[in-house]
Amino acid sequence: MKIVGKSIRRVDGLAKVTGQARYPQDFYLEGMLYAKALRSRYSHALIKKINVSRARELEGVRAVLTAQDVPGRNLFGHMIADQPVLCQDKVRFRGDAVAVVAAESEEIAQEALSFIQVDYDPLPVVSDPRQALKPDAPRVHEKGNILTHYKIRKGDVEKAFQEAHLVIESNYRTPCVEHAYLQPESGIAYVEDTGDLVIIVATQCVYIDRHQIARSLGLPEEKVKVVLAETGGAFGGREDISVQILIGLLALKTGRPVKMTYSREESILSTAKRHPAYMRYKSGVDREGRLLAWEAEIIADTGAYASSGAAVVQNMAMYASGPYKVDNVKIDAYAVYTNNTFAGAMRAFGCPQVTFASEMQMNKLAAALGMDEYEFRRRNAMVGKSEFATGYLADVDNCQIVCLDEVVRLSNWKEKRYRQNKEAGKDRFYGIGIAAGFKNVGYGSGYVDSSSAEVELMPGKVRLKISAVDQGQGVETILCQIAAEELAISMENVEYTNPDTSVTPNAGSSSASRQTFNSGNAVRLACLDLKKNLQQLLDSRKWKRPPGYPGHTSYNWSNILQEFLSMEGETEGMASVIGRATYVPPPTTPLDPETGEGIPAYSFGFGAQVAEVVVDKRTGQVDLKKVYAAHDVGRAINPLQVEGQIEGGVVMGQGYALMEEIILKEGETLTPDLATFDIPTSLDVCDIESAILEVPDRHGPYGARGVGEMTTISTAPAIAAAVHDAVGVWIDELPVTAEKVVRALKEKEFQGKDVREETLPEKTLQEKDFQDQALREDKGIAHAPRRTTSHENWVIFKGDLNV
Amino acid sequence: MPRVTQRSIKFKMYFQRKGSKEALFREISFRLNGEPVRVRVRSDQRLIDLLRDTLGLRGTKEGCGRGDCGSCTVILNGLAVTSCLVLAATVEGAEILTVESLFRNGRLDPLQEAFLEKGAVQCGYCTPGLLMSAKALLLENPHPSLEEIKIAVSGNLCRCTGYKKIFEAIQLAAER
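Protein chains in written order, with the numbering used here: chain A, 1 to 803; chain B, 1 to 176.
Some clues are possibly wrong.
Unchecked claim - List of simulated lysine to aspartate or glutamate pairs, EDC-like, C-alpha gap at most 20 Å: (1) Lys625(A) - Glu148(B); (2) Lys2(A) - Glu117(B); (3) Lys2(A) - Glu492(A); (4) Lys626(A) - Glu168(B); (5) Lys48(A) - Glu142(A); (6) Lys625(A) - Glu147(B); (7) Lys150(B) - Asp623(A); (8) Lys625(A) - Glu168(B); (9) Lys150(B) - Asp678(A); (10) Lys151(A) - Glu387(A); (11) Lys150(B) - Asp684(A); (12) Lys626(A) - Glu147(B); (13) Lys6(A) - Glu117(B); (14) Lys150(B) - Asp687(A); (15) Lys6(A) - Glu113(B); (16) Lys150(B) - Glu689(A).
Rather than coming from a laboratory, the hints here were simulated on the basis of the structure. Bear in mind that the values here come from a model prediction, so they are computed numbers and not experimental data.
Modelling step: build the complete structure from the supplied sequences, incorporating the hints.
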């Protein structure tokens, strides 16, 4: 292969380094107005009255709109539409928009907001999902606070726990975090002479946006054009509607172009977050270290609106037991409404939360068994034809093992793990930890997952039309590489058309690590179609040969293609030759509501990471020294970009592990900016060594799998394991801050033990355990004394999940 | 240390209320990307707004408006500063370089070339600011160590790349 597999420079790179790339902020249209939204003053309240007349009178104000001005359905939502465009009678979180203003300048629009009078009747706030589950909790929505409850039932966990040699039960908590892409939400809307509404915006899918915009504005979809601007990062956060409907509404009302740009505070306050999750995990192994049973109860805070929360929590359920063979699984996953900022998609869609918990369990089990963490994982990893927790039987090859082996080799695990002297200075201790993880490629679970592409032959170039959004991950370059490879032409001859619902066909969203896989296949198929059509053109002899061209018997599509590409300008007799294709991936199914049976996905991406830390025992400070990451991507179409995904994913995982948390108090965001919500800076990051592995996928283009999300899921548990290796405490709540480490060490100290002596906190055997043991002895089952290790007495998060 | 974050400059946006007095204007001149500029600025206008709205140089990006993210970094008299925290009226007589200054006569700056070659660009929104922080560093210290590079770009947040390729790109540009 000439182009696929090469680290080719980004096709959009030149525009980006020269400052010429146009993000929505960079569009300035003549006569444009500026929009600002009035956000709710309460986390939960009834709206009694809205008075906008004073704001309307302000000089320079062109429109002030409220719920009654929304012509279509006053609801939107990525998967379930339950979020009002403008709230009419009730607000459910602080980011709810109540009114929207368009004015001649941003300052006037901002000023006008203070002239809008809203009378609220505050309601009791529910901000903890565990509280929200109680029957007497305040109701966020009429239908109740449980958005979904997914169940997975496989085998008999109770029996398996009885038979287990060792059972570990722990509670985990992961925080609410923000995508924090650098480009705040922005868009510009205008009405064309034809009456069509044009929305230029940074998004993850122009078609899903168009559908929601048209529904809320009461327009047929063909009257709305969504045009992609350069997208400054997304990570799932742009799957939801932000400015789109509001600017469309104002452009229709005023007849002038309307631009709206969120401030960073508004972006953090009003857009989707990653679900915070409370998780109770219980896992049992036999004496040889084989996983017998896996039980998990997951309560995820989906905030005020559904967004894609139901699907995120479904993913949590499906991947809660990790990439391991387990015969007995019982999972209950709840998505619960609260008055917090709504949660939706964020890089790895539910997997970072459950992978943290399941990998912590794996590390604790290994420690309790006295087994090497790597060996323990290897023993339990899914290999070849394996049955998932959902009963789905699939061939996963040896991807997980390959990743584990590589990361262990790369990091020199076997030597470092058993290093005798772990001191790294005064009060400072070295630690190393490992974690694995896998995730689906593509939406799966029965969702429509197709992608369409069009390849058009033009004089001098091949134009690639597909609505695949490049949010920075580089899909534009990947698809151009695939087209160039398939048509055996050079990259310069491929032109990528900017996604625009009136021009480019639907490719689905840039999420679920699916674009290289699905759109890559669509482009391949479209190129095949183009070649076929070219050959037909030749066979039908309709194509006029240029003068002096040799006899047509030697013609094939490749000759013609080269001929086309060498032409300049318009050429006579060139009926445009187009290749079109839609790629439909192998079918998946929704999960059975009672048992969770079903086909979760058609492809998976695997990875394993090792983290090295130095922990200061006195201050609790965790210094991440190095991360080794091995990821199976099936086929690296552009290795440089794969590395970029690995490094970016690891650093995002580092932030999740050590720094990031959106703190909400009674629904109010206490960390509304990048000074209080800390993401890793150049001084925080460590060295990253990545290994790209290629176990080809059966369906992916050239064997490629997805990579974007898998790289971020195993970092946090690897770091937490390294912290344990260094100072002997498990921190079950992310982020692993210095305070939590110090607290855990103090609690340990009070128990009168030297933390360096014990790798695991010992809990005295409970009466129940003796009974079990006695029972077994009665039955004549020989068992070593069974240990139930629980960490509840010293983890930070305490108590029953159903508080 | 080459970078100065002008957190000390207190900045507040004053709204022009209906009926209130006209905002104050002032005519200033300075050098922008090597060219002399004479322009009327509003007393409450930020440098980033002057560059983007008035002068049409939209390569400089705004990511937070309060000096946290560094996307709006420009070089002001040889120092990398966040232009969202600088009042336009204060740059009288100054020498300002924006990302547009790096691409001249169809030739990329070695830094831009290195960013592309090393894959240091993903979504690209932080890129102009990073390039300017790196440029300010290399202007003062042509052979920086890795540690010096990390410090120089510590005011520039990037969410996509994980920074590693950015460090490599700056090192590569310095070598050239």
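Hints versus structure:
| no. | hint | in the structure |
| --- | --- | --- |
| 1 | Lys625(A) - Glu148(B) | holds (18 Å) |
| 2 | Lys2(A) - Glu117(B) | holds (19 Å) |
| 3 | Lys2(A) - Glu492(A) | holds (14 Å) |
| 4 | Lys626(A) - Glu168(B) | holds (16 Å) |
| 5 | Lys48(A) - Glu142(A) | holds (18 Å) |
| 6 | Lys625(A) - Glu147(B) | holds (14 Å) |
| 7 | Lys150(B) - Asp623(A) | holds (16 Å) |
| 8 | Lys625(A) - Glu168(B) | holds (18 Å) |
| 9 | Lys150(B) - Asp678(A) | holds (17 Å) |
| 10 | Lys151(A) - Glu387(A) | holds (17 Å) |
| 11 | Lys150(B) - Asp684(A) | holds (9 Å) |
| 12 | Lys626(A) - Glu147(B) | holds (16 Å) |
| 13 | Lys6(A) - Glu117(B) | holds (13 Å) |
| 14 | Lys150(B) - Asp687(A) | holds (12 Å) |
| 15 | Lys6(A) - Glu113(B) | holds (18 Å) |
| 16 | Lys150(B) - Glu689(A) | holds (18 Å) |
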